[in-house]
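> Heads up: the sequence lines are chains A and B, in that order.
Just so you know, this note's numbering puts the end of the first sequence at 520, numbered straight through with nothing missing.
Just so you know, this note's numbering puts the end of the second sequence at 242, numbered straight through with nothing missing.
In short, the hints are calculated from the structure, not lab data.
Be a bit skeptical, because a hint or two may be false.
Stated by the list, open to error - From the structure, some residues in chain B lie toward chain A, with a derived Cβ separation under 7 Å: (1) F74; (2) Y105; (3) V111; (4) P142; (5) G145; (6) E174; (7) E223; (8) I236.
Yeah, the Cβ is synthetic: ideal placement off N, Cα and C, and Gly gets one too.
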Amino acid sequence: MKLKLSTASFLKATLAVLFVCFLTPLEVEAQRMGHRASRQTMSRPPARSSRPAARPATRPSSRPSTTRPSTSNRPSINGGYQKATTRDISRPSSRPSTGTRPSNRAVTTDRSTSKVTRPSNSRETPNRGQNGGNRVSDRSNNRVNVDNSRRGNRNINIDNSRTVNVNRRNTYVRTSPRVYVRPPYIWGGFHFYCHRPYYWHPYRPYYWGPVWHPWGYFVTTLATTAIIISITNDSGNQEEYHYEEGNYYLKTADGFEVVQAPVGATVSEIPETAQKVEVTENTYNYYYGGAYYEKNAEGYTVVPATAGTIVPHLPEGGEEVKVGDRTYVKFGETYYQPIQVDGKDMYEIVEVTPEDA
Amino acid sequence: MKRFLFLLLWLPLLGFSQAQKDIDPVAISIIDKMGGVIGSFGTCAFNLSTVYDETNQEGLMERKFESHKVYFRGPDKMAIRSRGEKGNKGYWYNGSVLTWYSYDENNYVTIPTPDTIIETIDSLNTTFGFRFPAADFFYPAFGDDLLEEFDTIKFSGIKSLGDTEYFHIIAENDTYNFQLWIENGAYYLPKKYLIIRKAPELFMEEGTFDNWITNPSMPDEIFEFTPPKNADLIDIMPKN
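Next comes chain A alone, as it looks inside the complex (with noise of 0.2 Å):
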């Protein structure tokens, strides 16, 4: 009795298995049609056939193509022209692919060549970015404690041991809350959402003035006015940045380094020419420098970036990416869109999200 379960378990196992096999493609297209014959001769040379004239009329499953050499003594464009010599054209196509595709070959990072990018799958992947590592959680669930008794020497401290932590710096892309009327752009198993049209224009990276810098920006000293932000990470460990006019920097052994904005710093005063960007109806950011700001009763605080927002400028720092037939600039996690309102160039904050989502 149980061997005859067993069979019929091996059996059903197997129907289904072959199921999967005829119903699955096996490869992916290639151009507008496949080419799995074409795969299986592709990478050899030409080479003339050393196979007997003679041969059984029936085709064996695996028959590998022969190959006819090109008649010039010049390299083909494509190895000379290749076909199966005993077509039973009559018969259904059951031959399965034993080639060898052609290889993928692995991209380096060498900027003689291109950086190949891909969007995060998941909105809780710590982002890339320099001091990138540090976990996000839902802002709205955290309490940010400052210790007022430290603002006399105008350090705050963020004291995130009695919250979830949220230093994910602003790559991180909150969900529009305007829902999307265009199509998405589709490409590489993502959705890229935008409200307005792609409209490209040359990512020319904007300066805020004479006391601001771009990320990277390395200083030896940092003026006494500098406020210390201390924001604990993921790892337990705090992290101290020194804020001065806009500006987010991090110690290094020789100096000071500019960083981006961390997510959950608040601080008192931001530059005069932040500029207010709606995010919904009756919502506002202040955008300065790539960083987005809430106000609230403490001053403003660091948010992420919200999906929809419009911005006129970029700051230095971005790459600017070919998906698909679109260039977009990305920071991180963010990608922006290049758009035009009223005539302007602008960018809009892409909501990026897998297609299977």
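Using the hints provided, position chain B relative to the given structure of chain A.
This is chain B only, laid out in the frame that chain A set:
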């Protein structure tokens, strides 16, 4: 009894996937002849005009037009210049890297490649979604590829396009209808193709070849890309 029922449920599906093919040997012999001629070229150049339908940013189906100038030098050199709705762009493949350059945006992407034209076309299509104009025709086993893909392949007679006669071939399966017009002359060169995708959504692409130049001399220089002033090397997102 249960076991038999299981078998009966699955067998029709297995049978369906092995549907009988209807292949016209005349059509295949014409395609083989065309493939043999193309495979004999050490170098070739041609112009291609394409027309295709695509959903635009407003979600509407839009007809788009492009024109391409293509240069092949076997086994590992290719240059293409394309103009049309998707921009003014060029491809340069020198045997080790392929550069895609946008004349409109003055930026470019450079990607390491395999060693031959066809492997490069195939690899970049699979990985980055590059669609090279009329690349299907240059796959070395084009005839076998058609036999693999299509259930029906028919020679539909000799048709006139303008003053010239062409062999008209129609291939079809559940998803695609593919039509091809091959010159009724010494070289059997392709003149026109039409691809209609019937499902899951309707799609059409038509291409017309012109100005075939076979085995011309092509210096290395035309396959090398030199970045123009202020051109930006940008990143690229793979398709898969």
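> With reference to the structure, classify each hint as holding or not holding.
Structure-based check of all given hints:
no.: 1; hint: F74; verdict: 4 Å, holds
no.: 2; hint: Y105; verdict: 12 Å, violated
no.: 3; hint: V111; verdict: 4 Å, holds
no.: 4; hint: P142; verdict: 5 Å, holds
no.: 5; hint: G145; verdict: 5 Å, holds
no.: 6; hint: E174; verdict: 12 Å, violated
no.: 7; hint: E223; verdict: 18 Å, violated
no.: 8; hint: I236; verdict: 4 Å, holds
Going down the numbered hints, you'll see the structure goes against 2, 6 and 7, while the others check out.
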